[in-house]
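Participant: Chains as they are written, first to last, in the UniProt record's numbering: chain W, 1 to 286; chain G, 1 to 260.
Don't read these hints as lab results, they were simulated from the structure.
All values reported here derive from a predicted model rather than from experimental measurement.
Each hint should be verified, as a subset may be incorrect.
Said to hold, decoys possible - Restraint-style ranges between C-beta atoms, simulated for each label pair:
| # | chain 1 | residue 1 | chain 2 | residue 2 | range |
| --- | --- | --- | --- | --- | --- |
| 1 | G | A113 | W | R191 | 22 to 30 Å |
| 2 | G | D82 | W | I254 | 49 to 57 Å |
| 3 | G | R152 | W | A120 | 35 to 43 Å |
| 4 | W | L28 | G | D175 | 52 to 60 Å |
| 5 | W | E128 | G | H18 | 34 to 42 Å |
| 6 | W | G261 | G | G126 | 42 to 50 Å |
| 7 | W | V271 | G | G137 | 29 to 37 Å |
| 8 | G | K210 | W | E128 | 44 to 52 Å |
| 9 | G | D82 | W | R280 | 20 to 28 Å |
| 10 | W | R188 | G | P226 | 29 to 37 Å |
| 11 | G | D82 | W | V271 | 31 to 39 Å |
| 12 | G | G12 | W | Q185 | 17 to 25 Å |
| 13 | W | R188 | G | G126 | 22 to 30 Å |
| 14 | W | A38 | G | S84 | 42 to 50 Å |
What the hints assert, rightly or not - Covered stretches of chain G, as calculated for chain W (at least 3 residues, CB under 8 Å):
| # | segment |
| --- | --- |
| 15 | 50-57 |
| 16 | 74-85 |
To be verified - For the chain W half of the interface with chain G, some residues (derived, Cβ under 8 Å), not all of them:
| # | residue |
| --- | --- |
| 17 | H180 |
| 18 | Q185 |
| 19 | L198 |
For glycine and all other residues, C-beta sits at the position ideal for the given N, C-alpha and C.
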Amino acid sequence: MTVTTTGGGPRGTAVSARPAPRRGAGALGVLGRVWLAALALAGWEIGTRQAESVFFPPPSAIAARMYEQWLTGPAGRVFLTDEALETFGPSLARMLGGWLIASVAGVALGLAIGRSRALADYVDPLIEFGRAVPPSALVPLFMVLFAEVTDMQLATVVFGVIWPILINTIDGARYLDRLHTDIAQVFRLSRAQRLFRLMLPAAAPKIVAGLRLGLSLSIILMVVSELVGSTNGFGYELLDSQSLMDMTRLWGIIVVLGILGYVLNTTFLAVERRVLSWHRQAQQTT
Amino acid sequence: MLDVVNLSHTYGTGPKAHHALGGIDLRVAEGELVCVVGPSGAGKSTLLRSIAGLLTPTGGQIRVNDTEVAGTPGDLAVVFQDYSRSLFPWVTVGDNVALPLRRRGKDKAARRAAAAEALAEVGLSGAAGKYPWELSGGMQQRVAIARALAYRPALLLMDEPFGSVDAQTREDLEDLVLKVRDHHRMTVLLITHDIDESVYLGDRVVVLTKAPATIAGELKVDLPSPRDQIATREHPAFVHLRAEVGRLVRGRDEHAPARP
Numbered sequence: 001m002t003v004t005t006t007g008g009g010p011r012g013t014a015v016s017a018r019p020a021p022r023r024g025a026g027a028l029g030v031l032g033r034v035w036l037a038a039l040a041l042a043g044w045e046i047g048t049r050q051a052e053s054v055f056f057p058p059p060s061a062i063a064a065r066m067y068e069q070w071l072t073g074p075a076g077r078v079f080l081t082d083e084a085l086e087t088f089g090p091s092l093a094r095m096l097g098g099w100l101i102a103s104v105a106g107v108a109l110g111l112a113i114g115r116s117r118a119l120a121d122y123v124d125p126l127i128e129f130g131r132a133v134p135p136s137a138l139v140p141l142f143m144v145l146f147a148e149v150t151d152m153q154l155a156t157v158v159f160g161v162i163w164p165i166l167i168n169t170i171d172g173a174r175y176l177d178r179l180h181t182d183i184a185q186v187f188r189l190s191r192a193q194r195l196f197r198l199m200l201p202a203a204a205p206k207i208v209a210g211l212r213l214g215l216s217l218s219i220i221l222m223v224v225s226e227l228v229g230s231t232n233g234f235g236y237e238l239l240d241s242q243s244l245m246d247m248t249r250l251w252g253i254i255v256v257l258g259i260l261g262y263v264l265n266t267t268f269l270a271v272e273r274r275v276l277s278w279h280r281q282a283q284q285t286t
Numbered sequence: 001m002l003d004v005v006n007l008s009h010t011y012g013t014g015p016k017a018h019h020a021l022g023g024i025d026l027r028v029a030e031g032e033l034v035c036v037v038g039p040s041g042a043g044k045s046t047l048l049r050s051i052a053g054l055l056t057p058t059g060g061q062i063r064v065n066d067t068e069v070a071g072t073p074g075d076l077a078v079v080f081q082d083y084s085r086s087l088f089p090w091v092t093v094g095d096n097v098a099l100p101l102r103r104r105g106k107d108k109a110a111r112r113a114a115a116a117e118a119l120a121e122v123g124l125s126g127a128a129g130k131y132p133w134e135l136s137g138g139m140q141q142r143v144a145i146a147r148a149l150a151y152r153p154a155l156l157l158m159d160e161p162f163g164s165v166d167a168q169t170r171e172d173l174e175d176l177v178l179k180v181r182d183h184h185r186m187t188v189l190l191i192t193h194d195i196d197e198s199v200y201l202g203d204r205v206v207v208l209t210k211a212p213a214t215i216a217g218e219l220k221v222d223l224p225s226p227r228d229q230i231a232t233r234e235h236p237a238f239v240h241l242r243a244e245v246g247r248l249v250r251g252r253d254e255h256a257p258a259r260p
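Could you put the whole structure together from the sequences, leaning on the hints where they help?
Facilitator: Given below as structure tokens:
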């Protein structure tokens with residue numbers, strides 16, 4: 001489904017019977033959507049300039065600092081400085097690594113548990129307990145258990161992220177359409193076909209929702225895990241700025257984390273739209 | 001080819017138990033098209049699900065080619081009533097048809113060719129790349145029939161296959177079933193609550209009683225072939241047969257002209 005935005009050409013009036021696109025068209029539409037953000041930014045700038053507080057530097061100063069700190073590197077690597085690479089690299093690796101491990105484990109376990117009533121009855125209390133434990137509470141434990149700091153951080157991310165993925169997958173796999181399983185049995189679909197052509201796609205809408213929740217959790221847990229005993233990454237940078245009372249740098253890291261979360265979520269949504277296009281369309285027509 | 005011997009089934013136990021089937025004996029010969037009719041709730045679907053191996057009957061036997069089967073017989077295809085749920089919405093029409101053929105040891109190209117051929121046979125050539133939800137209800141049911149055809153089953157079970165489509169589509173699909181059945185000499189067991197349909201399609205009509213279902217009677221249909229939606233339905237023998245079946249379904253008499 002593509003929504004084409006026409007700039008009121010000769011056929012502009014002819015198609016007026018069609019439902020108007022929900023979002024505004026063209027440059028005016030973009031302006032209509034960002035004006036509030038621009039206003040907020042302007043307000044922030046003016047407010048902080050008036051206040052002249054060391055704790056609240058103006059956004060222009062934050063942006064300048066971010067640029068100087070991270071984007072003044074060689075052109076060959078998109079201007080990223082060494083400091084940027086040393087911060088973003090390890091943090092993203094922990095976050096995405098932990099999310100991937102949790103995704104694979106969560107989906108595999110979830111499908112098995114979702115398809116077996118007996119197994120579900122056994123492990124349900126365990127899952128309920130496990131998800132109720134705040135992952136941050138386990139950081140001290142993981143610090144003792146794992147000699148390597150990176151392992152501790154990965155474990156923290158995995159442990160926090162796996163629950164929504166696991167629970168959503170169980171839910172998706174549990175309620176397969178009876179007629180679909182009948183078809184699979186009558187036509188003797190193989191185990192692999194049942195898994196990849198029936199269970200996974202049928203559970204996909206729920207699984208994807210779990211993966212998205214997990215992704216946003218993984219940012220939080222990445223930072224939390226880096227606030228202890230780390231020597232690089234966003235969490236370490238935050239602590240370091242705090243101890244140096246370098247508030248502009250501290251704010252810069254907060255802004256970057258916000259941008260990172262936004263970009264990840266937007267990317268994920270774009271992928272989701274492609275992967276689940278059958279689901280959206282089938283919902284619309286039936 | 002198919003022998004159902006003293007088949008009985010009870011759902012649940014104790015005072016809440018529901019006796020769906022009370023001892024059914026049914027025989028379908030090779031190449032025969034048998035229609036099973038009965039009042040709603042007579043256990044028609046229980047009978048079909050038992051034969052398909054989708055439920056384990058509490059009593060009796062099912063034999064295919066003189067061998068007793070437990071579970072789903074190997075050479076069996078089913079067309080269900082609810083076409084909107086019987087296809088997988090996440091794969092294309094072509095893949096829906098081709099999916100069961102993997103077990104038949106065909107390579108990808110052969111599976112695709114077989115699917116295209118079956119789709120052409122039901123009048124849907126060119127639809128292989130579409131998704132089920134892009135098709136109308138009648139077309140979706142054609143896809144379900146194509147899936148069964150491509151599978152080349154020895155026995156085709158149909159559970160009220162045209163119960164959810166409009167009248168015109170229904171007639172088209174009835175004639176489609178007659179055509180492909182003639183072409184492939186398939187053995188078909190079709191379940192319906194529609195008396196006219198059972199007489200129009202069947203070589204033989206078997207009538208079930210209310211639950212717990214037993215055989216109320218059966219009638220041989222000797223109408224001229226090929227059948228025609230207009231001419232066959234005004235044939236005196238058709239009118240007579242449908243009256244007979246109607247009486248059996250209503251359970252007018254215990255001493256009906258049973259078992260000719």
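Participant: Work down the list of hints and note, for each, if the structure agrees.
Facilitator: So, going through the hints one by one against the coordinates:
The hinted range of 22 to 30 Å is satisfied by A113(G) and R191(W), whose Cβ atoms lie roughly 26 Å apart. Between D82(G) and I254(W), the C-beta spacing of about 54 Å keeps the proposed range 49 to 57 Å intact. Taken as a hint, the range 35 to 43 Å holds for the pair R152(G) and A120(W), whose Cβ atoms sit roughly 38 Å apart. Evaluation of the 52 to 60 Å hint for L28(W) and D175(G) yields a pass: the beta carbon distance comes to about 57 Å.
In this structure the supplied range 34 to 42 Å holds for E128(W) paired with H18(G), their Cβ-Cβ distance being about 36 Å. The given range of 42 to 50 Å is respected by G261(W) and G126(G), whose C-beta atoms sit roughly 46 Å from each other. In this structure the hint that V271(W) and G137(G) lie 29 to 37 Å apart at CB holds, the actual value being about 32 Å. Distance hint for K210(G) and E128(W): a CB-CB separation of about 47 Å, consistent with the stated range 44 to 52 Å.
Taking 20 to 28 Å as the suggested C-beta distance range, the pair D82(G) and R280(W) conforms, at roughly 22 Å. For R188(W) and P226(G), the hinted distance range of 29 to 37 Å is satisfied, since their beta carbons lie about 33 Å from each other. Checking the proposed 31 to 39 Å range against D82(G) and V271(W) shows it holds: the Cβ atoms sit about 32 Å from each other. With their beta carbons about 22 Å apart, G12(G) and Q185(W) fall inside the hinted range of 17 to 25 Å.
Restraint check, R188(W) to G126(G): a C-beta distance of roughly 28 Å satisfies the suggested window 22 to 30 Å. Take A38(W) and S84(G): their Cβ atoms lie about 48 Å apart, and the range 42 to 50 Å holds. Proximity of the segment 50-57 of chain G to chain W, defined as three or more residues with a beta carbon under 8 Å from a beta carbon of that chain, is established by the 3 residues found. Look at the segment 74-85 of chain G against chain W: 8 of its residues bring a Cβ nearer than 8 Å to a Cβ of that chain, three or more, so the hint holds.
Against a cut-off of 8 Å between C-beta atoms, the interface hint on H180(W) holds, since the closest Cβ of chain G lies about 7 Å away. Taking 8 Å as the C-beta contact cut-off toward chain G, the hint placing Q185(W) at the interface holds, the least distance being around 6 Å. This hint holds: L198(W) has a C-beta 7 Å from the nearest C-beta of chain G, less than the 8 Å allowed.
In this structure, none of the earlier numbered hints is contradicted; all agree with it.
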